[in-house]
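Reminder that position 389 of the sequence shown reads as 1403 in my numbering, one-by-one numbering, no gaps.
Simulated from the structure, these hints should not be mistaken for lab results.
From a predicted model like this one, the values you see are computed outputs, not experimental measurements.
Backbone N, C-alpha and C fix where the C-beta goes; we use that ideal spot for every residue, glycine too.
You may find that some hints are simply not true.
[Claimed, not checked] With a cut-off of at most 16 Å between alpha-carbon atoms, the simulated EDC-like pairs for lysine to aspartate or glutamate come out as follows:
1. K1060 / D1151
2. K1060 / E1128
3. K1207 / E1182
4. K1317 / E1376
5. K1300 / E1208
6. K1028 / E1092
7. K1145 / E1053
8. K1117 / E1053
9. K1156 / E1128
10. K1039 / D1072
11. K1339 / E1405
12. K1117 / E1092
13. K1163 / E1376
14. K1060 / D1220
15. K1317 / E1405
16. K1300 / D1334
17. K1026 / D1096
18. K1060 / E1126
19. K1117 / D1080
20. K1156 / D1048
21. K1174 / E1208
22. K1026 / E1092
[What the hints assert, rightly or not] Simulated restraints on C-beta separations:
23. K1026 / N1115: 33 to 41 Å
24. E1307 / N1115: 43 to 51 Å
25. N1046 / R1264: 58 to 66 Å
26. Q1375 / L1183: 30 to 38 Å
27. D1080 / E1146: 18 to 26 Å
28. A1133 / K1028: 29 to 37 Å
29. E1146 / T1403: 23 to 31 Å
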Amino acid sequence: MDRNISLNVPFKEKVPLSELTSRMKRFLNEMNKDYPDWEMAVIFSKVNMYYFTGTMQDGMLVIQRDNEPVLWVRRSYERACDESLFPSIRPMNSYRDAAENIKNFPDTIHIETEVVPVAMLQRLQKYFPFKEVSSLDRQISKVRALKSKYELSIMETAGKLHARLLEELVPGLLHEGMSEAEFAGELYSVMMKEGHHGVSRFAMFDTDIGLGQIGFGESSIYPCFFNGPGGNYGVCPAVPAIGSRERRLRKGDLVFVDLGFGVNGYHTDKTMTYVFGGSLPEEAVKIHKKCVEIQERIAERLKPGVIPEDLYNSIMDSLDNNFLKNFMGFGNRQVRFLGHGIGLHIDEWPVIARGFTEPLQEGFVFAVEPKKGIENIGMVGIENTFVVTCEGGRCITGNNPGLIMV
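Input sequences plus hints: build the corresponding full structure.
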């Protein structure tokens, strides 16, 4: 098949070949280190496919230890060739086409066990006669955690747009009597005009978030299925995210906005709070300022060599029991982390939490989000995105401390 396909779409920015080559090389190094005898890996998820090939198609990336990796595409081969600089892209109608071009099949293949359905695995096994399956999720996560200058430049662009959105534009969108859902609609429209790529992607299984978490007052501490500190009423039980059509903005409300902003596939994460047409109790303001202080303390320690678990423990151990009540959640729903990696997914490895014991590296990127729920008021606190550097975390999403008066 002819690789010299051009669909004449001039605005498409291709991932540089040097990026794709570096990513594959680092992945192979991780596989060789963790699985010295590995022979074949197969990648199905579109986000990982994009990371390694620069295109996102219906197909699979077959990586063999001793052969050139091949991106097999069912739909659309033409688009894949137009978008990607990946060296080897081939069309297929079914897995049989790929199998016929592979001479030897190992007993074990490595796949994304977090995302590949059993039915898909069974269809693959019909033509790929493997016996065992092993995970490569951790190896990919470790490779993706370390951002290149190319990736950081995209995230920095997202961060600047994110800061402008939440610190400058949102106050002009809020008006008395609007519903959370109406606010979400207006916010999404502005985001698209400002350059948002349109979706917020999560690695968490079967998670639909769409825009983010938006809450007026007590809505922001309502129980939520999502593994984060905040919440909201949602549209209905079938769509428990976005915002309620019934909860309307009233004078004196705390407004909680937690959302990602994406550019060219990469996200930043930021939370900003607003006080609409009134003021909050002094104690609530005090608690919010304490959360901002915690964010600054965490950011100071985002340096190469720091152990995420140690950072988490030191911060949590420094807080008294009174403050810990409803910290990072509300009621029975409190999360056990202070921040998370971010990139092509909003929730990436590693996490600032117990159990994460591998040292940070320069070029890791974290969303840091100390927050605390307050009864009858809502979720106060803050979130920003930081790049790990030798001087500490460098914020790329602005520096407004929140509780913006509207």
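TODO: Go through the numbered hints given earlier and state which of them the structure violates, listing their numbers in rising order.
DONE: Hints 5, 10, 11, 12, 23, 24 and 29 not satisfied by this model.
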